[in-house]
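Participant: In case you want the letters, here they are:
There are 2 protein chains.
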Amino acid sequence: MPSNRQILLDNRPQGEATASNFKLVTSPTPELQDGQVLVRHHYLSLDPYMRGRMNDSKSYAASQPLGEVMIGGTVGEIVQSRSDKYAVGDLVVGMGGWQEYSVVDAGQSGMLRKVPAGPVPLSAYLGAVGMPGVTAYYGLVHIIDPKPGQTVTVTAASGAVGSAYAALAKARGCRVVGIAGGPDKCRYAEQELGFDVCIDYRAHNQDVRSLAKALKDACPDGIDGHFENVGGWILDAVMLRTNAFARIALCGMIAGYDGQPLPMLNPALILVNRMRVEGFIVSEHMHVWPAALKELGELVASGKLRPRESIAQGIEAAPEAFLGMLRGKNFGKQLVKLI
Amino acid sequence: MPSNRQILLDNRPQGEATASNFKLVTSPTPELQDGQVLVRHHYLSLDPYMRGRMNDSKSYAASQPLGEVMIGGTVGEIVQSRSDKYAVGDLVVGMGGWQEYSVVDAGQSGMLRKVPAGPVPLSAYLGAVGMPGVTAYYGLVHIIDPKPGQTVTVTAASGAVGSAYAALAKARGCRVVGIAGGPDKCRYAEQELGFDVCIDYRAHNQDVRSLAKALKDACPDGIDGHFENVGGWILDAVMLRTNAFARIALCGMIAGYDGQPLPMLNPALILVNRMRVEGFIVSEHMHVWPAALKELGELVASGKLRPRESIAQGIEAAPEAFLGMLRGKNFGKQLVKLI
Chain A
76 MPSNRQILLD NRPQGEATAS NFKLVTSPTP ELQDGQVLVR HHYLSLDPYM
126 RGRMNDSKSY AASQPLGEVM IGGTVGEIVQ SRSDKYAVGD LVVGMGGWQE
176 YSVVDAGQSG MLRKVPAGPV PLSAYLGAVG MPGVTAYYGL VHIIDPKPGQ
226 TVTVTAASGA VGSAYAALAK ARGCRVVGIA GGPDKCRYAE QELGFDVCID
276 YRAHNQDVRS LAKALKDACP DGIDGHFENV GGWILDAVML RTNAFARIAL
326 CGMIAGYDGQ PLPMLNPALI LVNRMRVEGF IVSEHMHVWP AALKELGELV
376 ASGKLRPRES IAQGIEAAPE AFLGMLRGKN FGKQLVKLI
Chain B
76 MPSNRQILLD NRPQGEATAS NFKLVTSPTP ELQDGQVLVR HHYLSLDPYM
126 RGRMNDSKSY AASQPLGEVM IGGTVGEIVQ SRSDKYAVGD LVVGMGGWQE
176 YSVVDAGQSG MLRKVPAGPV PLSAYLGAVG MPGVTAYYGL VHIIDPKPGQ
226 TVTVTAASGA VGSAYAALAK ARGCRVVGIA GGPDKCRYAE QELGFDVCID
276 YRAHNQDVRS LAKALKDACP DGIDGHFENV GGWILDAVML RTNAFARIAL
326 CGMIAGYDGQ PLPMLNPALI LVNRMRVEGF IVSEHMHVWP AALKELGELV
376 ASGKLRPRES IAQGIEAAPE AFLGMLRGKN FGKQLVKLI
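Chains as they are written, first to last, in this note's numbering: chain A, 76 to 414; chain B, 76 to 414.
One chain only, chain A, in its complex shape (with noise of 0.2 Å):
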């Protein structure tokens, strides 16, 4: 059997998270008992929500155990096989982890699902074509649920989920306003993901106020539905701009993980605009799925959804590429080859 490299968390963060948090071992894989897979990982998809499972707190999801293999999104090969479910060469999303190889039981229903080889590359099922634009797509079509002419805006514009939320909304005849850090992230919104126009928060150096007039100046008609997938400043900011009978998507609130709260300014707002703020993680919305799948890969094979990838290569390098996303040094997907 080969062998395996893996990372663990080895002990939780106080504060900001560090690479000490994380170890890397080198395993055995096991002999496969009938039933299982042994599937070599192409892919690990490096996301946020990670950041809140190191920690011991309450949050919507058990946190990470210590000592054990980080866990995250793969797409890979099927490798060896006692399985009648899946042959030697299929390929197979999942969630196997900060690993080279996971053992799977193949009769769990939800553990895998194959993707076809064909006009969608194999990383895209992490990304675009995966959990990311799936969540754009429940935050957008069940939450949102904008109509043509409408405006939409969505913070960390330039990122996995920013990008198919915008060929949504675009596919769905809406303005659609980015938020991001940095002028190259804003110029690649707008120049490659379709944006109308995306606003570099930084240039506003955490100023509510001066945020909010860059948003009316690119929202002239207001904003009808937001996704926020930071928290903050921003989202107060955005809230200031909003149209009567708005919906927020409350998808991720990154700024907060490292344990301070971060108060909304104005919940009055809520009140005053009518609005409908609403919190979801996409794993409980599997009904979604199919029909997300199926747009976002025909968005992709189309070219019409074409998210850039931030690759470290090894799994080795997991655990910085993981940290400098969480500081937003990421450009698009943040993704690890392992092979």
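Careful, some of the hints might be misleading.
In this list, chains with the same sequence are indistinguishable; a pair is considered to hold if it fits within one copy or across any two.
As the list claims (entries may be wrong) - In the SDA-like style, the derived pairs of lysine to any residue whose C-alpha atoms are separated by at most 25 Å in a straight line are: (1) K288 x P338; (2) K412 x V190; (3) K189 x P105; (4) K404 x S198; (5) K222 x H360; (6) K291 x P338; (7) K412 x P221; (8) K222 x H362; (9) K404 x R381; (10) K291 x P336; (11) K222 x A162; (12) K291 x M186; (13) K288 x D131; (14) K160 x Q266; (15) K291 x A137; (16) K222 x S78; (17) K291 x Q335; (18) K291 x D131; (19) K291 x S156; (20) K160 x K222; (21) K288 x D109; (22) K288 x G257; (23) K404 x L99.
FYI, nobody ran anything at the bench for these hints, they're computed from the structure.
Model the placement of chain B on the given structure of chain A, informed by the hints.
Facilitator: Just chain B, lined up with the frame of chain A:
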């Protein structure tokens, strides 16, 4: 024609509202035109939303114009009619304002609503079987939509909205927990309004954790739905005790009316608990009124909903009664009796 005593908004509050913002005048009632009726008001309703209207700032409704009669709900009797639609003696609910008489164009739809002389006392059409009752209904039935056995909470529990909320929630098999100011209101809520428990927030001295602890004791299975009439630190405490998929109907933010922004301490809880927070004003949901008024009328007629009223006497008493209500001095629905 009878003379008509009226309260005008004379000037806008700087910070807290005071009696000097209002002005009492006496005017003759004008001759009726064809299609008009003269209504003699029996009761005027005083409600928190009026404080918002006194400001010039952006709100969900137009500001109350200076020098005009303060708006307000009234119930009264037709005393002169030049309309086929109403006969002298008919009982009607309308928005007659802070005055003893109003002249109404009976042909304009939605201006007046006939109510029966029957088991429901006339004043109840301004409370339990009127706007406050329908407000409770919309928030509970259409936003929170609780299942039998779920726990739902409400602030300003002993008021007009809170009392209707308790009766509607008990009719749906819920555990209903109120929050109110002072032991008298809490005892009344538990003994006469049907609340399972009512918590005195004043005993917790603006300490979010202390109130959250009391909520934990009162809601051992957590909070599935919450109706917010107040905002601020009480809402922060409630949010700490919400269950996954909790719904919050946001109806009032009375503590913010004097201009201070009231932050929400930990909006990330909306994501952590996948909550839905929705602001509404009941006048935008007229389609629910018939079903709501039917159920509320039956609850009052059967004695299952017997809210207390605080009744001031005479139009000249309206400003002080209103200011007292804003400070929580009233006990139950605040009315002014005008005959």
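Participant: If a hint holds in the structure, say so; if it does not, say that too.
Facilitator: Hints and how they fare:
1. K288 x P338: The answer is both: 21 Å in one copy and 21 Å across copies each meet 25 Å.
2. K412 x V190: within (18 Å within a copy, 73 Å between copies)
3. K189 x P105: within (23 Å within a copy, 79 Å between copies)
4. K404 x S198: within (20 Å within a copy, 64 Å between copies)
5. K222 x H360: So K222 and H360 pass the 25 Å test inside a copy (22 Å) and across (20 Å) alike.
6. K291 x P338: both (23 Å within a copy, 23 Å between copies)
7. K412 x P221: neither (36 Å within a copy, 47 Å between copies)
8. K222 x H362: both (22 Å within a copy, 22 Å between copies)
9. K404 x R381: within (20 Å within a copy, 62 Å between copies)
10. K291 x P336: between (28 Å within a copy, 21 Å between copies)
11. K222 x A162: Intra 45 Å, inter 46 Å, cutoff 25 Å: neither.
12. K291 x M186: Neither: 45 Å inside a chain and 37 Å across chains, both beyond 25 Å.
13. K288 x D131: between (39 Å within a copy, 21 Å between copies)
14. K160 x Q266: neither (43 Å within a copy, 63 Å between copies)
15. K291 x A137: Answer is between; shortest inter-copy Cα gap is 22 Å, intra-copy 40 Å.
16. K222 x S78: neither (53 Å within a copy, 52 Å between copies)
17. K291 x Q335: The answer is between: 23 Å across copies meets 25 Å, while 29 Å in one copy does not.
18. K291 x D131: between (40 Å within a copy, 21 Å between copies)
19. K291 x S156: neither (57 Å within a copy, 51 Å between copies)
20. K160 x K222: neither (42 Å within a copy, 41 Å between copies)
21. K288 x D109: neither (62 Å within a copy, 51 Å between copies)
22. K288 x G257: Cα proximity of K288 and G257: one copy only (18 Å, versus 44 Å across).
23. K404 x L99: Result: close within a single copy only, 23 Å intra versus 65 Å inter.
Violation of the numbered hints given earlier is confined to hints 7, 11, 12, 14, 16, 19, 20, 21; the remaining hints are satisfied by the structure.
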